[in-house]
Amino acid sequence: MPEMEKKDQEKLSFDVIVVGAGLAGGTAALMAARAGLNVALIERGQTPGGKNYFGGTVYTHAMEEIFPDFWTRMPPLERPATEAGYWFLSETGLTRIMVGGGELSRTPADAYIGLMAKFANWWITQAQAEGVFLIPKTLVVDFIRDSAGRIIGVKTDRPEGDVYAPVTIICEGVNNLLTQKAGLIDHDVKPERVALVVKQLISLPTETINARFGLPDAEHGLAVSVMGDISLGLTGLGFIYTGKDNVSIGVGVDLDVLDNHHVRPYDLMQHFLKHPQIAPLIAGGQMLEYGGHLIPEGGWSQMPKLYADGVLVAGDAAAMVNALHWEGTNMAIIAGKMAGEAAVEAHKRKDFSAGSLKVYEDKLKDTFILKDLKQYRNFSKFLINHEDFMSVYPTFLNEALGKFFSGFGKPKREVYKNILGSLTKRKPLLKAAGDILAFGRSILGR
Amino acid sequence: MFHALVAVKQVPDTTNIRIDPETGNLIRQGVPTILNPYDAHALAAAVEWKQKLGGKITVISMGPPSTVTTIRECIEMGADRGIVITARQFAGADTLATSYVLATLMQYVHEQDPVSVVLFGKQAIDGDTAQVGPGVSIRMGLPLVTYAVKIHEINLEENYMVAERKTEAYNEIIRTPLPAGLTCEKEIAKIPYASLPNLVYSLKYEPEIWTHETPVMFPLDQIGLKGSPTWVFKTTQPELRKGGEVLKVAEMGVGPAVKSVLEKIKSSGVLNAVAGGAA
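Residue numbers (this note's numbering), protein chains in the order written: chain S, 1 to 446; chain P, 1 to 279.
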């Protein structure tokens, strides 16, 4: 009788608990299950990815590291990113620096444009097939500790909601409530270190997208970061990603900047979408989704401690995002893998202390994740100290090129003088040189 | 012992549904399926009364193999046994063929394990017919309360139930002998938030799969498309109401605006009818 089974169930125990069924959590759970451990993957949404909002790129190197045959598994991706680069907007102008072909024409491509709700769901299905036990619609609210204060499980919001495991991997996403409760970080996400990204998913026929973005077919896609006159003069980045029959378009700005300047996110979005160079690209499209999401951009300086007795943290919760390169999905996957492997090793040693779980951090140090985050540690500070960087130079670039390509029939010395003038009216030359130097330093990590 | 038998249906989430303007068919691709909301509330009522009386709940559903997910959701809410009726031969069934199959198999459940109440949602949100609940009840020979908003009392010793049903003008409180059939409005009970052990149990639960051959052999000409005298041959969307005409007084002046309005009323024939009535 089913009734009996239900009553017989004593406390719910697993070898590993993973909180959050995104890419980090799904991968951590998968690695543990692959090693034969009994894994509970607890997700608050109806389905994996259901609480995420993301249209951007996922990276082949990370997918291949988890599923060497990922390509034959038919992941639900939109298009390969065969053309990538930066667009610089002035009030009416647009300068594009794009690269296509060459390195970007490999098959499979290095990066694919995807929508996270679909992709994460698929990713977790792969993990379930290897034995991960997914518990959806359940919110983890706190930890269970033993008498020595070590974490031995989690409390959920459901009646009789306790779940036990000697090791828990936190992959809760940007809002680091559990990471705080685990004692790995002592504060909320800081508003100056987190970007609010608003995005629309716009439906357009495949042929229209191909024509407007200059793509030969649906096997080619465009991934663009947009700077300049998009964020009303604030530090922010726009983005455009082409899907099969949809376009992800949006803008991200640091939360404190929005607050300090009393700017509403949807006003930014409208300003961007109405730009004379942007509007025609999406004209006539039907809006399918409109939403927002926080992206942790604090990187190195905002990273929590990555482990403690009985607990590890990976992904957005650990601020594993490269704000300049917009890398994050790959960091989530690789860090998730290493957290999962650390849990497996801890089980082999039967030692779940901080000392035993430290192997996770040791492994991460050898990867691009901690190396890059360390190198870029001053980048978000650079933007805070150079608030106008993203508006002055893109505008100048447009003016300079505009003048260069329109000054016909004039002495060229005058044209150059004009171009220089359009910079110096915004920035003294020395200041501009200083900005460039500081920018260089911040990305080289010097 | 209290035994509630609840019939449920997996439906497309109609809040997301679109109709292909060219073919007139529902676009089902990518539309998530859900437990029909009225059925969820009917099940919630059964769960409420199981908490008061003890006993058990059986859920039964006819549909594609994916109905298993819907049954798991019912187990999560507190059902004890789940049955999926699925076979290619049942496909294309209208409410007549569906009621026939469900009534036959629900009678089978009842004979094996006597049922106190049979609960349905008042209708499914994808078909809106509200015919299957009554169709099954009458075939099973059950007294029927439709559009139920509340169960006041279930008395197993004296074998009766008191339930309240909603009509457009007033509510009726009805006493009926057991077993009885009930089609439910959403007000009948709130959806419970399942305990974690129930959720975990439901995720691993494998419902019983019944077909056109087991445990009852159905005559093939009475089920599926062959057993269905009605079928939907076209789906259309109602035309959207057009917005009214706007005359801007600021642009054309008060006099011409009033004149234009009066002319439009006259030509529509409304004014004559009203004036005639007043005279």
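These are calculated hints, taken from the structure and not from any lab test. The beta carbon of each residue, even a glycine, is placed where N, CA and C say it ideally should be. Be careful, since some hints might not be right.
Said to hold, decoys possible - Restraint-style ranges between C-beta atoms, simulated for each label pair:
no.: 1; chain 1: S; residue 1: P216; chain 2: P; residue 2: I209; range: 46 to 52 Å
no.: 2; chain 1: S; residue 1: K11; chain 2: P; residue 2: P177; range: 29 to 35 Å
no.: 3; chain 1: P; residue 1: T236; chain 2: S; residue 2: G214; range: 36 to 42 Å
no.: 4; chain 1: P; residue 1: L225; chain 2: S; residue 2: G214; range: 24 to 30 Å
no.: 5; chain 1: S; residue 1: P159; chain 2: P; residue 2: R139; range: 37 to 43 Å
no.: 6; chain 1: P; residue 1: R139; chain 2: S; residue 2: Q270; range: 41 to 47 Å
no.: 7; chain 1: P; residue 1: V232; chain 2: S; residue 2: A279; range: 55 to 61 Å
no.: 8; chain 1: P; residue 1: A250; chain 2: S; residue 2: I436; range: 54 to 60 Å
no.: 9; chain 1: S; residue 1: T208; chain 2: P; residue 2: E208; range: 45 to 51 Å
no.: 10; chain 1: P; residue 1: P32; chain 2: S; residue 2: R73; range: 19 to 25 Å
*That 37 to 43 Å hint for P159(S) and R139(P) (C-beta), does it hold up?*
holds, 39 Å
*Using the C-beta atoms of L225(P) and G214(S), is the stated range 24 to 30 Å upheld?*
violated, 50 Å
*Determine whether the Cβ-Cβ distance between P216(S) and I209(P) falls within the hinted range of 46 to 52 Å.*
holds, 48 Å
*Is it true that K11(S) and P177(P) lie within 29 to 35 Å of each other by Cβ?*
violated, 44 Å
*Is 54 to 60 Å right for how far apart the beta carbons of A250(P) and I436(S) are?*
holds, 56 Å
*Could you tell me whether the CB distance from R139(P) to Q270(S) stays inside 41 to 47 Å?*
Since R139(P) and Q270(S) have Cβ atoms about 59 Å apart, the given range 41 to 47 Å is violated.
*Is the hinted range of 36 to 42 Å satisfied by the C-beta distance from T236(P) to G214(S)?*
Holds, at about 39 Å.
*For P32(P) and R73(S), compare the CB-CB distance with the range 19 to 25 Å and indicate the outcome.*
holds, 22 Å
*When you take the CB atoms of T208(S) and E208(P), is the distance between them in 45 to 51 Å?*
holds, 50 Å
*That 55 to 61 Å hint for V232(P) and A279(S) (C-beta), does it hold up?*
Once the Cβ atoms are compared, 42 Å apart, the range 55 to 61 Å for A279(S) and V232(P) is violated.
The earlier numbered hints that this structure contradicts are 2, 4, 6 and 7.
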